[in-house]
Amino acid sequence: MSIVQTAKPPSIPSKKVADFKPSLLQTEEHHLCPGCGEPVAIRMVLEVIEELGLAQKNVCVIGHGCYGSFVMTMDVDCTLCLHGRAPAVSTGIKRMRPDVAVWTLQGDGDMTSEGLAEILHATARGENITCILLNNGVFGDTGGQMTASSVVGQRTKNTLEGRDPDYHGYPIVIGDMVASMQGSAFVARGSVHNAAAVAQTRRLIRKGFERQQEKRGLSLVEILTMCPTGWFVPAAGGADYMMESLGKTYPLGEIKDVAASAG
Amino acid sequence: MRTVSRGTLVIDIERCKGCELCIPACPPGVLAMSKEGNALGYLYPELSPGCTGCTACQQVCPDFVFEVYKYETAVPVSDDGTEAA
Chain W
1 MSIVQTAKPP SIPSKKVADF KPSLLQTEEH HLCPGCGEPV AIRMVLEVIE
51 ELGLAQKNVC VIGHGCYGSF VMTMDVDCTL CLHGRAPAVS TGIKRMRPDV
101 AVWTLQGDGD MTSEGLAEIL HATARGENIT CILLNNGVFG DTGGQMTASS
151 VVGQRTKNTL EGRDPDYHGY PIVIGDMVAS MQGSAFVARG SVHNAAAVAQ
201 TRRLIRKGFE RQQEKRGLSL VEILTMCPTG WFVPAAGGAD YMMESLGKTY
251 PLGEIKDVAA SAG
Chain X
1 MRTVSRGTLV IDIERCKGCE LCIPACPPGV LAMSKEGNAL GYLYPELSPG
51 CTGCTACQQV CPDFVFEVYK YETAVPVSDD GTEAA
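Heads up: the protein sequence lines correspond to chains W and X, in order.
For the first sequence, this note's numbering assigns the number 1 to the initial residue and increments by one for each residue that follows.
For the second sequence, this note's numbering assigns the number 1 to the initial residue and increments by one for each residue that follows.
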């Protein structure tokens, strides 16, 4: 079997159906590790923002984590805030500029460990914001330590024998907590472990932004992302490992959608 | 072996970090990792004839390595496994 020449575009008549990067990203370069799921999730969010015509009408409020490096390359207005405070900061932005789509980009360490109060209070107030949670079960940016959402048995840098519920406690399932509160409009959990999951998650992100535009309340889209470096697994094994560990505690799908129940 | 190619890719091999997520993502299974590394030493995906232009590889790639093209007319794959363009 021969190898097809892929160094330059084809010379015979053809149509480009997919670009390297979303147009709201200024460069393809980033320094995240091999096999990381976060760039895949960020690509989807930026593509959905463009699809909905919000490219010039959105503000990203970004927490602390590896994804923070995209502040420099995303072609959207960004503000970087203190650890976990993204929902509180976006509350202020949304109340001053209700016409602008405000979304937060947070990791699980940022949202469930450092800023649990902020996301729950923003939900309780029913703020019209969209929170994107990139859940990989570790503090990837600081080297892969346990977060509040690390699953039972998960090996991290400070739970080398696996997370022990007797000693470390149980994971916080933030999606279910937010869904149980009245102020939330849409809560769903997606993943980036294969192409089908990516397509499904893209629909969930789109719904998350649509509920914000409909002014129905806070929407939370949790996306399970791979962190092979933090999990001590080979880059190629990250997707399978994620669905065997995090995927069992955090089942995929829609958890709550007020538009579906209210009709 | 696939008998036609309906699309093709541009692969920016120097940006690839060799995570291999695209290999199982490819529905026709025409991507395989190279034997030699790129400038950074990472193995990168190589395309065999039979691409359908479905964009699955582009969607799962964390390093924005793929650009996908669809041929206007499908290109037959000859018996020796090359695209008879």
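Heads up, some of the hints might be wrong.
With a straight-line cut-off of 20 Å between C-alpha atoms, the simulated DMTMM-like cross-links for lysine to aspartate or glutamate are [stated by the list, open to error]:
{"#": "1", "chain 1": "W", "residue 1": "15", "chain 2": "X", "residue 2": "72"}
{"#": "2", "chain 1": "W", "residue 1": "256", "chain 2": "W", "residue 2": "240"}
{"#": "3", "chain 1": "X", "residue 1": "70", "chain 2": "X", "residue 2": "12"}
{"#": "4", "chain 1": "X", "residue 1": "70", "chain 2": "X", "residue 2": "46"}
{"#": "5", "chain 1": "W", "residue 1": "16", "chain 2": "X", "residue 2": "46"}
{"#": "6", "chain 1": "W", "residue 1": "16", "chain 2": "X", "residue 2": "72"}
{"#": "7", "chain 1": "X", "residue 1": "17", "chain 2": "W", "residue 2": "19"}
{"#": "8", "chain 1": "W", "residue 1": "8", "chain 2": "X", "residue 2": "79"}
{"#": "9", "chain 1": "X", "residue 1": "17", "chain 2": "X", "residue 2": "67"}
{"#": "10", "chain 1": "W", "residue 1": "21", "chain 2": "X", "residue 2": "79"}
{"#": "11", "chain 1": "X", "residue 1": "17", "chain 2": "W", "residue 2": "99"}
{"#": "12", "chain 1": "X", "residue 1": "17", "chain 2": "W", "residue 2": "28"}
{"#": "13", "chain 1": "X", "residue 1": "70", "chain 2": "W", "residue 2": "99"}
{"#": "14", "chain 1": "W", "residue 1": "57", "chain 2": "W", "residue 2": "47"}
{"#": "15", "chain 1": "W", "residue 1": "21", "chain 2": "W", "residue 2": "50"}
{"#": "16", "chain 1": "W", "residue 1": "15", "chain 2": "W", "residue 2": "29"}
{"#": "17", "chain 1": "W", "residue 1": "16", "chain 2": "X", "residue 2": "80"}
{"#": "18", "chain 1": "W", "residue 1": "21", "chain 2": "X", "residue 2": "80"}
{"#": "19", "chain 1": "W", "residue 1": "15", "chain 2": "X", "residue 2": "12"}
{"#": "20", "chain 1": "W", "residue 1": "16", "chain 2": "W", "residue 2": "50"}
{"#": "21", "chain 1": "X", "residue 1": "17", "chain 2": "X", "residue 2": "46"}
{"#": "22", "chain 1": "W", "residue 1": "215", "chain 2": "W", "residue 2": "29"}
{"#": "23", "chain 1": "X", "residue 1": "17", "chain 2": "W", "residue 2": "29"}
{"#": "24", "chain 1": "W", "residue 1": "21", "chain 2": "X", "residue 2": "36"}
{"#": "25", "chain 1": "W", "residue 1": "248", "chain 2": "W", "residue 2": "164"}
{"#": "26", "chain 1": "W", "residue 1": "15", "chain 2": "X", "residue 2": "67"}
{"#": "27", "chain 1": "W", "residue 1": "8", "chain 2": "W", "residue 2": "19"}
{"#": "28", "chain 1": "W", "residue 1": "57", "chain 2": "W", "residue 2": "166"}
{"#": "29", "chain 1": "X", "residue 1": "35", "chain 2": "X", "residue 2": "72"}
{"#": "30", "chain 1": "W", "residue 1": "248", "chain 2": "W", "residue 2": "214"}
These stretches of chain X come out as covered by chain W in the derived footprint (C-beta under 8 Å, 3 or more residues) [unchecked claim]:
{"#": "31", "segment": "14-26"}
{"#": "32", "segment": "36-48"}
{"#": "33", "segment": "59-66"}
{"#": "34", "segment": "70-84"}
Think of the hints as simulated: they come from the structure by calculation, not from any bench.
Heads up, the beta-carbon is just placed ideally off N, CA and C, and yes, glycines get one too.
Against the structure, the hints:
In summary, the hint linking residue 15 of chain W to residue 72 of chain X is supported, as the alpha carbons are separated by about 7 Å, within the 20 Å threshold. For the hint linking residue 256 of chain W to residue 240 of chain W, the alpha-carbon distance of about 27 Å lies beyond 20 Å, and the restraint is violated. Simply put, residue 70 of chain X and residue 12 of chain X have alpha-carbon atoms about 18 Å apart, close enough for the 20 Å limit, and the pair holds. Only pairs whose Cα atoms come within 20 Å are accepted, and residue 70 of chain X paired with residue 46 of chain X is accepted, the gap being roughly 17 Å.
For the hint linking residue 16 of chain W to residue 46 of chain X, the alpha-carbon distance of about 19 Å falls within 20 Å, and the restraint holds. For the hint pairing residue 16 of chain W with residue 72 of chain X, the CA-to-CA distance comes to about 10 Å; that is within 20 Å, so the pair holds. With a CA separation close to 19 Å, the supplied pair residue 17 of chain X and residue 19 of chain W stays within the 20 Å bound. With a CA separation close to 25 Å, the supplied pair residue 8 of chain W and residue 79 of chain X exceeds the 20 Å bound.
A distance of roughly 16 Å separates the Cα atoms of residue 17 of chain X and residue 67 of chain X; the hinted pair therefore holds under the 20 Å criterion. Only pairs whose Cα atoms come within 20 Å are accepted, and residue 21 of chain W paired with residue 79 of chain X is rejected, the gap being roughly 35 Å. At roughly 40 Å between alpha-carbon atoms, residue 17 of chain X and residue 99 of chain W are farther apart than 20 Å, so this suggested pair is violated. With a C-alpha separation of about 13 Å, the suggested pair residue 17 of chain X and residue 28 of chain W falls inside the 20 Å cut-off, and the hint holds.
For the suggested pair residue 70 of chain X and residue 99 of chain W, the alpha carbons sit about 39 Å apart, so the restraint of at most 20 Å is broken. Our distance criterion of 20 Å between C-alpha atoms is met by residue 57 of chain W and residue 47 of chain W, whose separation comes to about 14 Å. Restraint check for residue 21 of chain W and residue 50 of chain W: the C-alpha separation of about 13 Å stays at or below 20 Å, so the hint holds. In summary, the hint linking residue 15 of chain W to residue 29 of chain W is not supported, as the alpha carbons are separated by about 25 Å, beyond the 20 Å threshold.
At roughly 27 Å between alpha-carbon atoms, residue 16 of chain W and residue 80 of chain X are farther apart than 20 Å, so this suggested pair is violated. A hinted pair counts as satisfied when its Cα atoms are at most 20 Å apart, and residue 21 of chain W with residue 80 of chain X does not qualify at roughly 34 Å. About 18 Å separates the Cα atoms of residue 15 of chain W and residue 12 of chain X, which keeps this hinted pair within 20 Å; it holds. Distance restraint check for residue 16 of chain W and residue 50 of chain W: the Cα-Cα separation of roughly 18 Å lies within the 20 Å cut-off, and the hinted pair is therefore satisfied.
A C-alpha spacing of about 14 Å is found between residue 17 of chain X and residue 46 of chain X, which places the hinted pair at or below 20 Å, so the restraint holds. The suggested pairing of residue 215 of chain W with residue 29 of chain W is violated, with an alpha-carbon distance near 36 Å, which exceeds 20 Å. Taken as a hint, the residue 17 of chain X and residue 29 of chain W pair is honoured in the structure, with Cα atoms around 11 Å apart against an allowance of 20 Å. Pair hint residue 21 of chain W plus residue 36 of chain X does not hold up; C-alpha atoms about 26 Å apart against a cutoff of 20 Å.
For the suggested pair residue 248 of chain W and residue 164 of chain W, the alpha carbons sit about 16 Å apart, so the restraint of at most 20 Å is met. Proximity of residue 15 of chain W to residue 67 of chain X is assessed by CA-CA distance (about 11 Å); at most 20 Å being required, the pair is judged to hold. Restraint check: the Cα-Cα separation between residue 8 of chain W and residue 19 of chain W comes to about 13 Å, which is no more than 20 Å; the hinted pair holds. The straight-line distance between the Cα atoms of residue 57 of chain W and residue 166 of chain W is roughly 47 Å, outside the 20 Å bound, and the hint therefore fails.
Proximity of residue 35 of chain X to residue 72 of chain X is assessed by CA-CA distance (about 32 Å); at most 20 Å being required, the pair is judged violated. Straight-line distance between C-alpha atoms of residue 248 of chain W and residue 214 of chain W comes to about 32 Å, which puts the hinted pair past the 20 Å bound. Coverage of a stretch by a chain is defined here by at least three residues with a beta carbon nearer than 8 Å to that chain's beta carbons; for the segment 14-26 of chain X and chain W the count is 9, and the condition holds. Here the segment 36-48 of chain X counts 4 residues with a CB under 8 Å from a CB of chain W, which clears the bar of 3, and the coverage holds.
Only residues whose C-beta sits within less than 8 Å of a C-beta in chain W count toward coverage, and the segment 59-66 of chain X has 8 of them, enough to reach three; the restraint holds. With a cut-off of 8 Å between beta carbons, the segment 70-84 of chain X has 9 residues touching chain W; three or more are needed, and the interface restraint holds.
When each numbered hint is compared with the structure, violations occur for hints 2, 8, 10, 11, 13, 16, 17, 18, 22, 24, 28, 29 and 30.
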